[in-house]
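Assemble the complex: chain A is given as a structure, and chain B must be docked to it using the hints.
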Amino acid sequence: MKLRWILTTLALAVTAPATAGKYGKQVRFAGIHPVPKGEGGGVCHIEAPHVHIYQPGNKLEYRVAAENNVFVGDPMAYGWDGEKHAYKGHHPVQVNVIASVPEPNVHYCYITGPHYHSFEPAPGPEFKVVGDAYFYVGTPEPLYMEARPTYIGINATYEPIQYTRPTVTVEPPSGWILVQPAYVIAPVVIDDHPGRGHAHGHGEVGVGVGVGVSVQVPVPSISVGVQVGGPAVIVAPGGRGHGKFKHKKFKKRGR
Amino acid sequence: MRAALLIIALAACSKDGAKGATSRDGVIGAWKKGGLEASEFKAAKVDVGKDCSQGTVNKIDVLVCTFKSDAEAKAAEDAGLKWIGDTTGVSKALGEMLVVAADRKKVDAQGKVMNQLITLPAN
Numbered sequence: 001m002k003l004r005w006i007l008t009t010l011a012l013a014v015t016a017p018a019t020a021g022k023y024g025k026q027v028r029f030a031g032i033h034p035v036p037k038g039e040g041g042g043v044c045h046i047e048a049p050h051v052h053i054y055q056p057g058n059k060l061e062y063r064v065a066a067e068n069n070v071f072v073g074d075p076m077a078y079g080w081d082g083e084k085h086a087y088k089g090h091h092p093v094q095v096n097v098i099a100s101v102p103e104p105n106v107h108y109c110y111i112t113g114p115h116y117h118s119f120e121p122a123p124g125p126e127f128k129v130v131g132d133a134y135f136y137v138g139t140p141e142p143l144y145m146e147a148r149p150t151y152i153g154i155n156a157t158y159e160p161i162q163y164t165r166p167t168v169t170v171e172p173p174s175g176w177i178l179v180q181p182a183y184v185i186a187p188v189v190i191d192d193h194p195g196r197g198h199a200h201g202h203g204e205v206g207v208g209v210g211v212g213v214s215v216q217v218p219v220p221s222i223s224v225g226v227q228v229g230g231p232a233v234i235v236a237p238g239g240r241g242h243g244k245f246k247h248k249k250f251k252k253r254g255r
Numbered sequence: 256m257r258a259a260l261l262i263i264a265l266a267a268c269s270k271d272g273a274k275g276a277t278s279r280d281g282v283i284g285a286w287k288k289g290g291l292e293a294s295e296f297k298a299a300k301v302d303v304g305k306d307c308s309q310g311t312v313n314k315i316d317v318l319v320c321t322f323k324s325d326a327e328a329k330a331a332e333d334a335g336l337k338w339i340g341d342t343t344g345v346s347k348a349l350g351e352m353l354v355v356a357a358d359r360k361k362v363d364a365q366g367k368v369m370n371q372l373i374t375l376p377a378n
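Sequence lines, in order, name chains A and B.
Residues 1 to 255, numbered by our numbering, are exactly what the first sequence covers, in order.
Residues 256 to 378, numbered by our numbering, are exactly what the second sequence covers, in order.
Chain A extracted, bound-state conformation (with noise of 0.2 Å):
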């Protein structure tokens, strides 16, 4: 478990550019964002670029887009009460319009269940409405695959918060990010009794399927809960690992 988080506080510092402000202390954000709980906790309500004087709280829940934090996990899990719309799934975010500036940036949300954001996705014909949901269907950037390992920890972020998401019951349509065979997450069983001549998979694979992230990792054990371009990998201590992934947070919740 800490060499999980070790990794993933490394892979941040070496993928997270610094944003700290020109000027003293300030910090700069773009977009509405959860507010550290030290500093009154809730969320800011300032939509255009601005400054504050502290750091965002979980990097995993922010992109930078000219120098600007931006806000890119589910602002209900703070108790955002303004505009929302509900999504399902890893999807590309616009950065760029959310932090006023002109040059594409685009970046990726990597909360695999429904979730909620502030902004709409894009139009066009990558992103498919249905059941009040919007769904990926697109095709991602290489960036997608590449941070996904650095972000995927996103939903142990959420797991824990008690929050109304969107209840989105319906089949995800064809095309669905993560039911294309290059882009799905699939976990895979390790046996953590090395010599014993065995390592199998099973569990689910595909839609709605936990990433390895909120599994209790025992040692030795696999790093990383999920690899770039294949499964997942979760560590199944003497068969205690069965039935982990039913993803109790993506199940039916009232509104």
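Errors might be hidden in some of the hints.
[Said to hold, decoys possible] Now the in silico label distances, taken between C-beta atoms and shown as ranges:
#, chain 1, residue 1, chain 2, residue 2, range
1, A, Val-184, B, Gly-289, 46 to 52 Å
2, B, Ser-324, A, Gly-124, 32 to 38 Å
3, A, Val-129, B, Asp-325, 49 to 55 Å
These are calculated hints, taken from the structure and not from any lab test.
All C-beta atoms in this analysis are idealised placements derived from N, C-alpha and C, irrespective of residue type, glycine included.
Only chain B this time, still in chain A's reference frame:
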């Protein structure tokens, strides 16, 4: 003559169709109309621009500057950030106007008033 009248008519239409406040008084009026409490705004000598006024809105320090063009106002956003200093704030060009807000008294931790400061004049 007809062409001149047409141009005048089009200009008038364009003005009527313009969205948002286009003057300092218009910006402050939009805030008041939106329910915010704005103090008197007095001329201020600051590095942000040559034509700036300073006051408070709901206890937040606010600077409103007027520029000759949208581009000049946009370019001054950075200077607005410098004026904010070490506190929460926003610096946003609204056409030829620049609105800068600094929450030095920490009365708007969730930025609701500051968001209104930049969205109300734009409506």
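Here is how each hint holds up against the structure:
Between A:Val-184 and B:Gly-289 the Cβ separation comes to about 49 Å, which falls inside the hinted range of 46 to 52 Å. Evaluation of the 32 to 38 Å hint for B:Ser-324 and A:Gly-124 yields a pass: the beta carbon distance comes to about 33 Å. Taken as a hint, the range 49 to 55 Å is violated for the pair A:Val-129 and B:Asp-325, whose Cβ atoms sit roughly 35 Å apart.
The structure does not agree with numbered hint 3 stated previously, though it agrees with all others.
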